[in-house]
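Participant: Protein chains in written order, with the working numbering: chain A, 1 to 324; chain B, 325 to 610.
Think of the hints as simulated: they come from the structure by calculation, not from any bench.
Among the hints, a few may not be true.
What the hints assert, rightly or not - A few chain B residues facing chain A, derived, Cβ under 10 angstroms: (1) M353; (2) A354; (3) Y474; (4) I488.
To be verified - Calculated pairs, DSSO-like style, for lysine-lysine (alpha carbon to alpha carbon, straight line, at most 30 angstroms): (5) B:K342 / A:K232; (6) B:K601 / B:K342; (7) A:K28 / B:K388.
Built from N, CA and C at the ideal position, the CB exists for glycine as well.
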Amino acid sequence: MKHTTTTATGGNTQAAWTRGVRPKGRRKALLYRVAELLESYSMMAPAYMVFLVFIFIPVVWAFYLSLFDYSILSLKHPEFAGLANFAKMFGDSVFRVSVWNTVRYSLGTVPARLVLGLALALLLDQKNLFGKNFLRTVYFLPVVTSMVAASIVWSLVFNASEAGLANQMLKALGFAPKGWLADSKLAMLSVCIMSIWKELGYVMTIFLAGLQGIPLELYEAAAIDGVTGWQKIRFITIPLLRPTTFFILVCEVIGSFQVFTPTYVMTGGGPGYSTTTLINLLYTKGFFEFDMGYASALAVALFLGLLLLSWVMRRVFRAEEIVY
Amino acid sequence: MNRGNDRHSRGLILEIVKYAVLILGAFAMAVPFIWMVSTSLIPDSVIISYQLIPTRVTLANYVKAWNFSRNFDESVSLGTFFLNSLIVSVCITGPALIIDSLAGYVLARRRIPGKDLLFYLALGTMMIPFYVIAIPLYLVVRRLGWLDSYQGMIAPFLASGFGIFMFKQFFQTIPQDLEDAARVDGCSAYRTYASIMLPLAKPVTATMAIFKAMWSWNLFFWPLLIVNNIRLKTLPLALTMFRGLNVTQWGMLCAGMTLATLPIVIVYLSMQNMFQKGITMGSLKG
Numbered sequence: 001m002k003h004t005t006t007t008a009t010g011g012n013t014q015a016a017w018t019r020g021v022r023p024k025g026r027r028k029a030l031l032y033r034v035a036e037l038l039e040s041y042s043m044m045a046p047a048y049m050v051f052l053v054f055i056f057i058p059v060v061w062a063f064y065l066s067l068f069d070y071s072i073l074s075l076k077h078p079e080f081a082g083l084a085n086f087a088k089m090f091g092d093s094v095f096r097v098s099v100w101n102t103v104r105y106s107l108g109t110v111p112a113r114l115v116l117g118l119a120l121a122l123l124l125d126q127k128n129l130f131g132k133n134f135l136r137t138v139y140f141l142p143v144v145t146s147m148v149a150a151s152i153v154w155s156l157v158f159n160a161s162e163a164g165l166a167n168q169m170l171k172a173l174g175f176a177p178k179g180w181l182a183d184s185k186l187a188m189l190s191v192c193i194m195s196i197w198k199e200l201g202y203v204m205t206i207f208l209a210g211l212q213g214i215p216l217e218l219y220e221a222a223a224i225d226g227v228t229g230w231q232k233i234r235f236i237t238i239p240l241l242r243p244t245t246f247f248i249l250v251c252e253v254i255g256s257f258q259v260f261t262p263t264y265v266m267t268g269g270g271p272g273y274s275t276t277t278l279i280n281l282l283y284t285k286g287f288f289e290f291d292m293g294y295a296s297a298l299a300v301a302l303f304l305g306l307l308l309l310s311w312v313m314r315r316v317f318r319a320e321e322i323v324y
Numbered sequence: 325m326n327r328g329n330d331r332h333s334r335g336l337i338l339e340i341v342k343y344a345v346l347i348l349g350a351f352a353m354a355v356p357f358i359w360m361v362s363t364s365l366i367p368d369s370v371i372i373s374y375q376l377i378p379t380r381v382t383l384a385n386y387v388k389a390w391n392f393s394r395n396f397d398e399s400v401s402l403g404t405f406f407l408n409s410l411i412v413s414v415c416i417t418g419p420a421l422i423i424d425s426l427a428g429y430v431l432a433r434r435r436i437p438g439k440d441l442l443f444y445l446a447l448g449t450m451m452i453p454f455y456v457i458a459i460p461l462y463l464v465v466r467r468l469g470w471l472d473s474y475q476g477m478i479a480p481f482l483a484s485g486f487g488i489f490m491f492k493q494f495f496q497t498i499p500q501d502l503e504d505a506a507r508v509d510g511c512s513a514y515r516t517y518a519s520i521m522l523p524l525a526k527p528v529t530a531t532m533a534i535f536k537a538m539w540s541w542n543l544f545f546w547p548l549l550i551v552n553n554i555r556l557k558t559l560p561l562a563l564t565m566f567r568g569l570n571v572t573q574w575g576m577l578c579a580g581m582t583l584a585t586l587p588i589v590i591v592y593l594s595m596q597n598m599f600q601k602g603i604t605m606g607s608l609k610g
C-alpha cells in the first residue's frame, strides 16, 4: 500500500513526494498521506502516553487537589475547600519557617557555587596547567556520587561528637568543638557546605564548557592592546560568559528551591524546624500526615513561586544587559 | 632589566599560589572520600580518634555492611539493592532512549499537523518540577496498583522532554538527502529511523545513555514515596537504613557508603569524557 508501490525517477525526489505525486491517483495519494500520518503519530505515541499519564494528568490534578480537603487515610471523599488550603498556608508558622529556610539554603549555596565554580574553571582552563585532567577529575568526583551516600558521610563529618572530622579540625586549630548538625544555628550552614562540595564540580564543568566557546582571537587582540591578566578576565571573559552564567544561575536557583535529600538525610529537617525546607514540609504533610490537599497547595505555591522567580531573573538579566 | 626580573618573579609567585590553591582545593574535595575509606578500614571498637591513614586495618566492616540488611530480612543483602538499582536504571535508560529518539525523529523530520504544539508540550514537561506533581503521581501509580513495584519506579520516567529535545536537535543536523534516498528505496519511517537515523545518532545516544543511567541510578525521592518493601529497595533508599548507625558503628557505616560509591566512581573514571559531555550537553544547546 505504502511506499513499495512507488518507482521514483531520480531527480528532485524531495519535491516529488512532498507534493504527494508518488502514488498514482488522488485517492491513493490521500490514503498514502493518512498512512504516513498514522505512522508518524504511532512513533510519538509512547512518549506522549507517558507524558499524559505521568505528567499532564498529575499537573492538572495537583491544581485540582489543592482546592480540596483530602486525606487518603480517611474514607470520606475529598471535600471542596476553595482556597482554604492556601489560607491555611499563610497562617502556618512552619510554612513560613520552611520558606525562610529554603531561601537561606539558596543564598548559602548558589552564590558560593557560582563564584567558586567560575574561579576553578578559570584556573583550570589554562592550556599548560600541570595535572589539569587529574584536578578536574577530583573536583568532579562528588557530582557522580549519590546524594544519599554523600549526605550520610557528611553527617559523620559534621557529627557533634569529638570524633567528627569537622570537630577534629577545629581541635587541631585550637578551637572548641561545635554541635554542627545538632546545633540549630549551625545545622543549615553544615548542610550548605556539604551541598556546595557536592555540586561545585558541576558548575565548574559548565563554566569550562562556556569558556571553550570564547574565541581565542579576542584574547589575542586584547594582548596586543596591552591588557593584563585580571583585566582580561574582568572585561572579556566575564561579560562573554553571560549566557553561561545566566543558565547556571537559573538552574541553581530553581534547583536550590527544591532541595530535599540532604536535609532529609542529614537532619530530617531538625533540630526543631531549623532545616525544614519547602519540600521537606511537602513530604511530611503529604506522606506522613497524608494531608494531600494541603500538600498539593504547597506544591502549587512552589510551582507558581518558581515561575515568578525565573521570570524575575530573566527580566533582571535583560535589564542589566542594556548597560553593556 | 630590573623590572623584567621583577615581573618574572611576580609571575612565578602567582604561579605557585595558583597551584597551591588548586591542590588545596582538590584535597578539600577529596578529604571526605579519603576519610570515609579509612574509617571503613578501622575496627569499630578502636574508633576513638580518627586518622586519615589508619594503623590497624580490617575488612570486617565490609562483611558486616554487606549483610547489614539481613537484620530486617534474612534474604536481603547489599547485593539485592545493587541488583534493584541496576534493574531500575537499565529499564529506564534503554526504553527511554528509544521512546525519546522516536518522538525526536518525528518532530525533526516528519510533516504532521500539531507538530509545534507537541514540541512545546515536550519542552513544557521540563519546566514542571517533579515535586510539584509528586502527590498526584503517587495517586496515579496507586490507582494503577503499582505501589511497591518495579514498574511503578520505572514507568513515570520512560520519556523525557529533555531527551526528545536533544534527539530532535541532533536529527535536524543530518542531511535530508540521506533520508530521502532511503524513502525512495521504499523504506518505511520505522526502517528509516532504525537503519539510518539511529546509527548516525550514536554519539548523542551514548551521551544521553550515560546521563540517564546516572540520573536513574541516583533516583531517591520517587522510590522513597512508593517503595516500602525492603526486597524492592534501590541502593540510595537502602542506604538511609545506615543512618541510625552514626551513633556507634562508623566503620560499618563507612564501609557501606564505600561499597555504594565505588561502582559509580569506577564507571565514571573509565568513561570520564562521556560523563562530562553528558553533564554539559544540556547547557550548550539549551
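Participant: Of the hints stated earlier, which fail here?
Facilitator: 3 and 7
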